[in-house]
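Asker: Construct the complete structure from the given sequences, taking the supplied hints into account.
Protein sequences appear in the order of chains A, B and C.
Residue numbers for the first sequence follow our numbering, beginning at 1 and rising by one.
Residue numbers for the second sequence follow our numbering, beginning at 119 and rising by one.
Residue numbers for the third sequence follow our numbering, beginning at 421 and rising by one.
Hints listed in this document are in silico derivations from the structure and should not be mistaken for laboratory results.
Be careful, since some hints might not be right.
Stated by the list, open to error - Calculated pairs, SDA-like style, for lysine to any residue (alpha carbon to alpha carbon, straight line, at most 25 Å):
hint: 1; chain 1: C; residue 1: K622; chain 2: A; residue 2: A46
hint: 2; chain 1: C; residue 1: K1208; chain 2: B; residue 2: L343
hint: 3; chain 1: C; residue 1: K1208; chain 2: C; residue 2: P1388
These figures come from a predicted structure and were not determined experimentally.
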Amino acid sequence: MVLVVLAAGFMLILLGLYGALIHRNILHMIVSFSVADTGVNLVLIAVGYMPGRTAPILDSNVSVADAVERIIDPVPQALVLTAIVIGVGVTALMLAYAYRLYQTKGTLDISKFTELKW
Amino acid sequence: MQQFEWIQIPYSLLTLFIVLNFGLLLNALMAKIAARVGRRRGIPIYQNYIDLIKNYGLRTSITHGIMFYLGPVFRLAGGVGLLLFVPTLYGSEMFSNLSFAGDLILALYFVFFGALGMALGAGESGHPHAAIGVSRGLSQMTMAELPFALAVFSVALQYDTLTISEIVKAQQGSLFHWTLFTNPLAVAAAMLSFLGSMMRPPFDVVLAPQEIPIGPPTEYHSSYLALMQTNRMIFPIAKIVIIMNLFFGGATNWPIFFAKVFLIYLFAVFVGVVFPRFRVEQSIRWFLIWAVPLGVLAIVLV
Amino acid sequence: MVSPLFIIAAPLGTAFFISLFSKEKQRLAFLITLAAMLLMSLVSLHWVFTYLTSGPVDYYTAGTLPPFSINFRMALPEACLILLINLTGLFSTLFLKNSLLRMGRLSMAVLLIDIMSLSGIVLTRDVFNLFVFLELMAISTGGLVLLSEDNRAPAAGLKYLIVSQLVTILLLIGIIFAYHATGTLNIDGLTVASLTHSTGGKLAFFLILIAVIAEVKPFPANGWALDIYESAHPSFSVIFSVASSSAVLFATAKILSIAGPEWLPIASNVGIITFLAANLFALSQTNDRRLLGYSSLGQSGLVLAIIGQQDILGDHYLYVAGGILLAHAVAKAGLFWMSGIIKGRELTDWTTIQGHPFLIFSFATFIALLIGLPPFPAFYAKWELIHSLAGAGRFPLLAMILLGTLLEVGYLFRWFGIILKRKPDGPGVLQKKRHRKRMVIAATTAVGWGMGYLWGTLSPLGHLFHATPLLFALSFLLLDWLPARIKNSLAIAGLVGYFALQYAGYNPMQLIFASVILIGGAVILLAGFDNTGRRIGFYPATVLMFAGLIQLIEARTSFDFFAAWEILTVGSYYLILRGKQSEPHALSYILFSLGGAFLILTGFSLAAQGGYQIELQMLGTVPQSVAPWVFLFLALGFMTKTAAIGLHIWLPGAHAEAETDVSPMVSGILLKAGLYGLMLLLMTMGKQQLYGVELTHMLLWIGALSALLGNLLAIFQEDAKRLLAYSSIGQMGYALFGLALMNHLGWLMAMMFVINHYIYKSMLFLSIGGVARRTGTKEMYRMGGLLKLMPLSFIAVLIGIIAVSGVPPLSGFGGRWIFYNAIMTSEYRLPIAVLFLAGPIAFLYLFRLIHTIFLGQLKDEHRRIQEAPFWLIVPQMIFVALLMGVALVPGVALRRVDHYIGQFFPNEGGGLNWSGMTISSDFGYWNPVAIMVVVGVMFATLLAWLLFVNRQAQVVKQFNIVYAAERPYRPETTHFAWNFYAPYRKALGFLTQPLVTRFWQTVTDLLHAASDLFRRIYTGNGQVYAIHLLAFVVMVYLYSKGL
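Answerer: Quick look at the structure:
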């Protein structure tokens, strides 16, 4: 199960990268990156997952004493949460950029924005 | 090396007197020989005396300025100096002249003193022919002097000294002690170079004496010209004295001196009457191709 | 003690707070932002002082220890970087005032967040936390790019975001696998857990490392950064270049500390390739900000390479890396800010700062900081870096660093030349008086100098600011408002005074050089009284050059020597650049000089054998395995200054185009620096063989060929000053030849040349300069017949050429006489033949010089000109007297030197006998006084005779000459001057083909062509940049597999 998730994560990453590199439309690229980000998050979770354990929430089911034995490691999950938040931020910023760029040139083709070069 | 004594001044003047008279006669003789080769009669043997006296006597003089005025003075001072900085007769206290002032190097570099002064004087005359003559003369001289300098250095290395009297001393004793036989390459280089400095064909395009007046002395006349003519009597002999001392065993008395100078001079005349004139770039190439390698060999092999 | 957490909390809180303001209160928001920045800067300053003495301190968060919490570490490097980041933030805020107000309070918040995230990157010891701060940096950078009014900026920002997405992916995957392998994300924890010992751990580490390195903008994955530099607001570029780069470089160093030294080569190689490529590509830039961007990339690469050298730098690591990093930071900040007050983005638009001495001074300071010229931090840092590299045998890296720096010298100094020398297109388009912005630039300049002082204090080798001559020179910067004559008097007094104080301590050889430099310099400076007005910039440069020269003579260690060498190079460069047409020549001068300096640096670093300097006297004790190489590098370096053939092409233009009184300084005095170096080298190291080749034999040939070709080229010049310049090449060839003879008299001859060449070349340059000033041209054929109008100049030239040519009775003959005696014992004969050829050729150009200017036909337009200005004549007449003096009694100067040299040749006699009037050697003799008297008496007698027989001579008019069939009336057609030695050109012209010039031209052309070709990989397309990054990662990965 973990391996499947892991493989799916990497597949998504590669798919996202592939999409980001072949699509010239900036919006398509942004979507591709989101896909890749999702893949990364899947990988994070898959690597951090420990089979047979419960969520890292200390409640009536899990006492503080046996927490180390029973819950999975909370750090990867914290990482994923943070990564998702940051990913949203970056995606938002990229969309804002796409908007600005569309305003200046009336196109979203990234190959048209090459005045700056060499 | 000796120290200065006052008596050397009259002695030197005596040398000068002898050489001047010898030069006047020798130059006329050479002119006569050259004329005879061309089946002409040539000038009388005393012609140079007449020319000199006439030119010193001429009163119509103009000048183009101070350097113009000084040019001939430089020229003659150069000739006289060259003569007097070199001992004329080997072993003679009387005719060692002012050689206490310096050695062979002094003589070598003093050659340029007159040439430079003359060129400056000619330059101030403002005549383009004078400037062209200087340009040609200097161009040719730089290359013509090179084999000579190499030969001199070769000789200096051979005898391990720069003092002229030491070099002559080493050649005494036998004909085969002469540098001519001990270092023939150097002598060959020097003699070819000698041709270039004698203002005779094939290297006489600088003065071009047969044509309309051109060359550095174009504007010079009367007493200026007289001074330069005086130099022309002394300078070749002074130069030959160096060659004689370095390569042909020097001279211990006046008769041998006269004979050797005559023969060395004759070599230049002989070549001159046989060959036509070179242009400047031709003579530069000629020296570079024929004389310089000899000189280089001379210093490498010595 | 303020907790480091403050530096995160304060900007975060302020940013949050000001975003709550209403839109109308922009000004208040700005003031609060500024106050926050100021406060943070002060706090960081406080930390710098606190941690100056104490070791690193860790701060923990969340009440627990890592790995369950994040910790910050604070130590001196962190404190310094935080200070740098916050000061950058503070000044940028000031500079950005208008843009921030226009964009509103939220942009201020973003700026604060950016600074905060950069501080976080520096402080954090947790990898994931690092990721968070890096992402914050990316987002805030993305926001700040939009501050620019340039409508291309958004595209650049988007490219950056694309790249940062890729970086994010790499980093996150690396982090999770690193965590999986070790169970911790703490950097120190990862080190303890030996992350890189397992295969998976290695890969994880690689991903983290490469992600962080990608933020350093390595070649080729850095096109996006260039686009940002080109289009962003310059003040944001400052943050981007200075603060961001420093922070991510520090992060890279932290990440590298997890693994062992076997990972360092990745940093070294990526860094050095970036350094080289960026500097190469910068060569063909015409856009100022993009050029600065390339330069920034290069400098980051260099620091990255230095991070890779921490295994050999040891204790000096921070000093070296910090020196380069901070120097770059200050310089780049200053330059970007300067670009902010200049409208127009072409390099030529910077000509508008002409007439603003302070801005020019700032610019000069900044490029000196970047290149690492003394007295700035990068100078000390590079010195130690190169020595460490040489000590560890990392020669390819050493060579590439120096090569890259030389490229950098090329484009930066070309730019400087453009700024000073090109004519501005229109009226100044400098932004109106913006005191705020100029204050920022002034403060940056001051910080640069302050850091120079600081690095000097920290340097174990010596403090350049403690050298009196340098301080004296720098004081002229402050006195530049004074009138030129007062400064001139001060400079002369300084030179003479210093000589009076110091001369007792010099050995005879030093004494000769010191007299030429100080007393000789003072004599030439007399000509400076001719200048009225203020002559801005002249005196600092001049005195700087003299300071360098005298420190060179006094130097005892290789460090002092090299510092002095660079100081004199810089001083003379500014001096040469002052000439009218001197832009290209000054550039080639500085390129050859600094190229030579780098060779010298290499030589010294080899000689130091892993140490940081070597006593000059100990050069002889260098082990035989490296000694020939040391000799080779040092000799080549010194020969760039003596303009030996092959390395000479800078000289003619530099000397010919310089100002009237500068030419004699750079020719008569400056060239002697190279001779001094060579002399020192030969004295200490003696003969060396490399692969069986006797190196002094090579020098002999180089000397002979320089003499020949220098002289030969001189005779074909139409420009009088160029003629003299080529003649200098020939003269230096003679001197080099004398030194390379490696015998007593050869060295004595070289010393004689030092004196003689100084006197006559200075004199000739002054006279010709005076003539050129009066006639308004340097072309000789345009002159003629000036003898009557400028008699004193004529006398100086006449005496000069007699002396140069070596004709008795003047002093040049002494040199020739010693020369002949010296070669009598030489074992090499062939080079002597070449030198013999060179000798008489000197007559050609000398005669031409005097003839075409002073003799011949006077031109109509010159009939009313006057003698050269009084103050130009005064030194010339002093030189005439000196020449006569040296001609009559050479023993005064040379006797002691002769004795001194004797100690280096104990086994040969070889010296001269100075007893009495006659000077004698083993081979011949020479009596200068007698020669003078004999010649004088003869000349006077004959003159008297001529005056007697020719007393009625009358002066005739100009055209009263013998002429057949036509009457000359035009001086232009009668003055034979142009192409004076036409026959010579026909015969030997093939020797004067400009092969060397062509060679160097080809080298520069190739560099430019390569630069222009390869920079095209930066197509401007964001997807291509993404591919660059992926390709970069793959390449580095393959490389790391090979490790």
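Asker: Work down the list of hints and note, for each, if the structure agrees.
Answerer: Going down the list of hints, with the structure as the test:
1. C:K622 <-> A:A46: 20 Å, holds
2. C:K1208 <-> B:L343: Judged against 25 Å, a Cα distance of about 24 Å means the pair holds.
3. C:K1208 <-> C:P1388: 20 Å, holds
When held up to the earlier numbered hints, the structure conflicts with none and fits them all.
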